[in-house]
Amino acid sequence: MAESKARGLLRDLVAVGGVPVLLPAGLTGPELAVSAREQGLSGLLLAALERERPAWAGPLLEGLAAERRRLLVRGLAQLELAARVVAALAAREIRALPLKGAALSGILYDVESDRPMSDVDVLALERWPEGLAALAAAGYTTVARADHAWALRDPESGGIVELHRSITSAPGLFPLDVDALWQRRREGGAPLRALPSTEDLLLQLALHAAFQHGLVLSLVQWLDFRRLLEREPPDVSRLLALADAARARSPLAAALWAAEAVVAAPLPPALREALDLPAGARAWLLPRLAGPLAFVLPSRPALGRLRWELLAGRRAELLWRTLVLPETPAGDTRLHERVAFALGRGLRLARGLADEPPAGEVHDLEPAPAAPGVVAPEVPFAEELLRDCLASFPHVRLTVSGHCMEPVLAHGERVQLVAVARRGARLGDVVLARHRDGLRLHRLVWGPPLVSARGVWRTRADRGRLLDPPLAATDVLATVELVEGRPFARPRRPARALRSLAQAAFARLRPGVAARAAQVVP
Amino acid sequence: MSRPARAALDTAYARSPRVVGRRIGDEFVLVPLVGRGADLDAILNLTRVAAFIWEQLDGERAGADVVDAVVGRFEVPRAQAEADYLELVAALVELKTLVPAPPGAPGDR
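From first to last, the protein sequence lines are chains H and G. All residue numbers for the first sequence refer to the numbering used here, where the first residue is 13 and numbers rise by one. All residue numbers for the second sequence refer to the numbering used here, where the first residue is 3 and numbers rise by one.
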């Protein structure tokens with residue numbers, strides 16, 4: 013509940029401006045600071061607090077100032093990374109432009125710390141495989157592969173860059189005239205000297221928001237729309253022409269309407285009049301605009317439904333381009349191999365089985381091992397990165413650390429996670445959840461379908477004696493779908509969850525008995 | 003005035019392209035860009051006067067001109083402004099955040 017109030021307050025900060033004299037009941041300053049960080053608004057919140065000095069701000073200022081410095085340093089490093097990638101590609105005569113935050117940070121925000129990014133995105137306009145090879149030769153390691161982008165780790169800074177060949181997944185669905193895109197490019201400041209035009213940036217943001225993320229973004233990502241419309245007003249005719257050429261009018265309309273609802277993005281009248289949606293998308297979207305927090309993380313996007321509605325009239329193409337990837341996980345680009353792989357994948361999906369994650373889609377973050385029982389990315393940046401990867405990639409790979417989930421998960425084993433936005437957590441799943449002391453992979457022993465997303469969820473380690481502290485649904489980031497090397501292992505065990513819940517309840521009621529029971533656990 | 007001090011006042015200094023200055027809230031910070039990108043521990047906080055001087059170091063204006071600007075802006079005695087300038091420049095040169103006069107220094111926002 014406090015989290016929802018914090019999001020509401022932060023949304024008001026972005027949409028209306030200013031902070032209240034008093035915090036709403038049930039919301040503390042530290043809770044607000046945490047939410048601001050999650051929404052990418054630490055810098056803007058601090059600026060508002062420094063400006064307006066409400067009585068409750070005092071204890072927050074020091075922490076937010078430290079966060080702002082951290083974000084400044086990280087942002088500068090990330091932009092340097094994007095510039096180095098663009099330069100490395102240019103050395104091979106491959107044209108490239110930054111996307112999203114990397115492109116917007118320098119033109120829409122006063123300082124880099126006001127536009128946090130978990131990674132940077134660069135679009136290669138041509139010869140994408142050759143660009144990947146060039147980066148590999150420069151020491152970049154591949155940590156994730158999706159059909160529209162690969163994520164690479166910089167050997168110098170450890171930062172992540174996503175090298176795109178397409179703005180969204182299902183490449184080709186929204187065709188891109190790369191020569192025209194390059195011709196329209198605009199001058200940027202140091203270190204990124206060339207940026208997409210304002211109209212291209214707005215269209216790219218819209219595609220990213222609507223098609224890639226189901227219209228659920230962080231508040232700072234929504235703020236991008238507002239700032240772009242305010243500070244770099246687009247040429248409406250040119251924007252609409254670009255949207256038509258990219259067959260992206262519907263995603264543009266959906267994203268701009270949502271941006272207007274969430275952060276009061278100022279749509280030019282001529283643009284507003286030209287926006288329209290297919291009937292199904294309109295029926296889905298319009299009622300939801302009345303509750304704009306539904307479009308703000310950690311709300312769960314209706315990704316499949318929205319894609320389906322936005323692509324009315326092109327659904328066969330949507331299915332084709334979604335299933336028939338540009339190459340198979342083995343790298344085979346021949347059509348019959350891609351179709352064969354797509355059929356198998358479609359069949360698995362139709363049977364309701366876990367879609368076997370092709371190796372090429374796994375995001376391996378390779379986190380450093382942490383304390384026993386703790387899944388390695390214990391620092392906030394890692395969580396941000398993890399959230400972003402979960403949102404962007406079908407599967408994320410993590411290494412288990414600790415023995416508390418044995419024998420289901422052994423120390424050192426690698427598991428493949430799928431974001432709860434893609435597959436909701438269910439009773440018995442092993443879930444990656446954020447606890448007070450970090451991220452943990454424990455079993456969900458009290459959750460759907462026994463309790464709704466609004467209720468309190470509980471987790472417990474299989475070898476733990478007691479339940480973990482209560483969780484909100486939003487604390488659960490992902491579920492374990494597969495244990496690598498053990499394709500027949502079943503991480504999800506509902507019966508075990510119920511037994512575990514009963515044992516924990518018993519242990520709480522009878523501490524003496526439980527203590528004796530615990531002694532026999534090896 | 004010593005010869006090195008005179009030389010420093012005659013020299014135009016430019017901000018190193020490997021250092022970024024940013025005004026964030028009430029602070030002005032210098033962030034050195036190092037091998038692994040940027041280093042949180044290496045951030046420098048500048049006072050108001052130091053931040054003003056940093057912003058004047060454009061690779062074209064000689065030290066004496068910057069001192070003039072400081073005197074005009076902060077109404078301090080010239081001797082004090084010169085001493086502040088020389089002390090700051092010496093420290094920044096030592097930290098490799100200033101270089102004598104090559105063009106192409108990054109602008110600050």
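One thing to keep in mind: the hints can contain errors.
Unchecked claim - Only part of the chain H face toward chain G is listed, based on derived beta-carbon distances under 7 Å: (1) E62; (2) R80; (3) L88; (4) E92; (5) I119; (6) L120.
Honestly, the hints are just simulated from the structure, not real lab data. Ideal Cβ positions, reconstructed from N, Cα and C, are used throughout, including at glycine.
Hint by hint, work out which the structure violates, then give me just those numbers in ascending order.
-> Failing hints, ascending: 5, 6.
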